[in-house]
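Enquirer: Spelled out, the chains give:
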Amino acid sequence: MPDYWIAILVGSIAVYSWKILGYVLPKRVANNREVVIFAGKLTIALLAALTAVEAFVTGQGIVLDSRVAALGVAAILYWRKAPFIVAVAAAAAVAALLRHFVGWA
Amino acid sequence: MSLGVGLAVGLYGTSFGALSVAAGLSVWQTQVLSLLMFSGGSQFAIVGVLGASGPAGIIPAIISAWLLGIRNGFYALRLNSVLSISGVVKLMAAQLTIDESNAVSASQEDETDSKLGFWLTGAAVFVFWNSFTLLGALLGSVLGRPETWGLDAAAAAAFLGLVWPRLKNLQSNLIALMAAALTLVLVPALPSGIPVIVAAPIAVAAMYGLKRTPLRRFLEVHHDA
Numbered sequence: 000m001p002d003y004w005i006a007i008l009v010g011s012i013a014v015y016s017w018k019i020l021g022y023v024l025p026k027r028v029a030n031n032r033e034v035v036i037f038a039g040k041l042t043i044a045l046l047a048a049l050t051a052v053e054a055f056v057t058g059q060g061i062v063l064d065s066r067v068a069a070l071g072v073a074a075i076l077y078w079r080k081a082p083f084i085v086a087v088a089a090a091a092a093v094a095a096l097l098r099h100f101v102g103w104a
Numbered sequence: 000m001s002l003g004v005g006l007a008v009g010l011y012g013t014s015f016g017a018l019s020v021a022a023g024l025s026v027w028q029t030q031v032l033s034l035l036m037f038s039g040g041s042q043f044a045i046v047g048v049l050g051a052s053g054p055a056g057i058i059p060a061i062i063s064a065w066l067l068g069i070r071n072g073f074y075a076l077r078l079n080s081v082l083s084i085s086g087v088v089k090l091m092a093a094q095l096t097i098d099e100s101n102a103v104s105a106s107q108e109d110e111t112d113s114k115l116g117f118w119l120t121g122a123a124v125f126v127f128w129n130s131f132t133l134l135g136a137l138l139g140s141v142l143g144r145p146e147t148w149g150l151d152a153a154a155a156a157a158f159l160g161l162v163w164p165r166l167k168n169l170q171s172n173l174i175a176l177m178a179a180a181l182t183l184v185l186v187p188a189l190p191s192g193i194p195v196i197v198a199a200p201i202a203v204a205a206m207y208g209l210k211r212t213p214l215r216r217f218l219e220v221h222h223d224a
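Listed in order, the protein sequences are those of chains A and B.
Heads up: the first sequence begins at 0 in numbering that gives the first Met the number 0, then just goes up one per residue.
Heads up: the second sequence begins at 0 in numbering that gives the first Met the number 0, then just goes up one per residue.
What the hints contain is simulated information worked out from the structure, not anything from laboratory work.
Quick partial rundown of chain B residues pointing at chain A, CB under 7 Å, derived from the structure:
no.: 1; residue: Tyr-11
no.: 2; residue: Met-36
no.: 3; residue: Asn-71
no.: 4; residue: Gly-72
no.: 5; residue: Phe-73
no.: 6; residue: Asn-79
no.: 7; residue: Lys-89
no.: 8; residue: Thr-96
no.: 9; residue: Trp-148
no.: 10; residue: Ala-152
no.: 11; residue: Ala-153
no.: 12; residue: Ala-156
no.: 13; residue: Ala-157
no.: 14; residue: Arg-165
no.: 15; residue: Ala-179
no.: 16; residue: Ala-199
All C-beta atoms, glycine included, are put in the ideal place defined by N, C-alpha and C.
Work out the full structure: start from the sequences and follow the hints.
Expert: Laid out in structure tokens, this is it:
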């Protein structure tokens, strides 16, 4: 899997570039509220987009399978303030059980 | 406090390790990712995109991880004025600059605690995140087909869990919905991995656009934190 090593190394450098940039930029940039708010919005948009892909996409098609039910259970658990690991484990269990006993993909 | 945060993070390090192996990375690749990238959101993104797209997704995977890492840059700006450090120590501090270390540091009353909070939390999370990544990766590699164990569904739930605490007001919810919907619309039309990195910036731009319309007042009432 040599291809993935490139992704790992370049990706790590790319992520580190933001971290180190904050330590070398002049301090007045830190006080720019608009820039901070923009970064927050972009983070939300990316995570929501990734959630959608992980739940509904297979290859290049939109698919409704056990993942949707699992995501629904996870959403209810987060809403009830369950810890991250509990919701993730529950989602996995729901999908696994639906596949095993109901035969839903 | 730092130890508690470290333990909690360690637990989701286990899910990262298992998901990464399920996505097709080796145990070694998974471990190196946790050591070098050391930023949960970006790591979930890179293995999520690689898992869905395979080798064709390498560039979108890198871009997704990079864009998600932007918030660490803002933590770094804040921490740079708090920590008063230089040279090699700065390089180390940068690697430990993540959601949790910044949050604990920012919640301290005085300057000494603020510095201490950063270093202790950063170090604790680093140790726990990496050791539990290994545990998760080893578990994942003996499980076999990821779908049998619902690990693909776990990946979706993990991203939802990362975005959930940030959905604090109407603007955040609208951005999330627009980004998710637009991504799904683009999926059939664009190569795998690309919809996410195209849809997310458009959703943010659309929100700035909406704020220039008569909806402005409604959106401002529910102003963001």
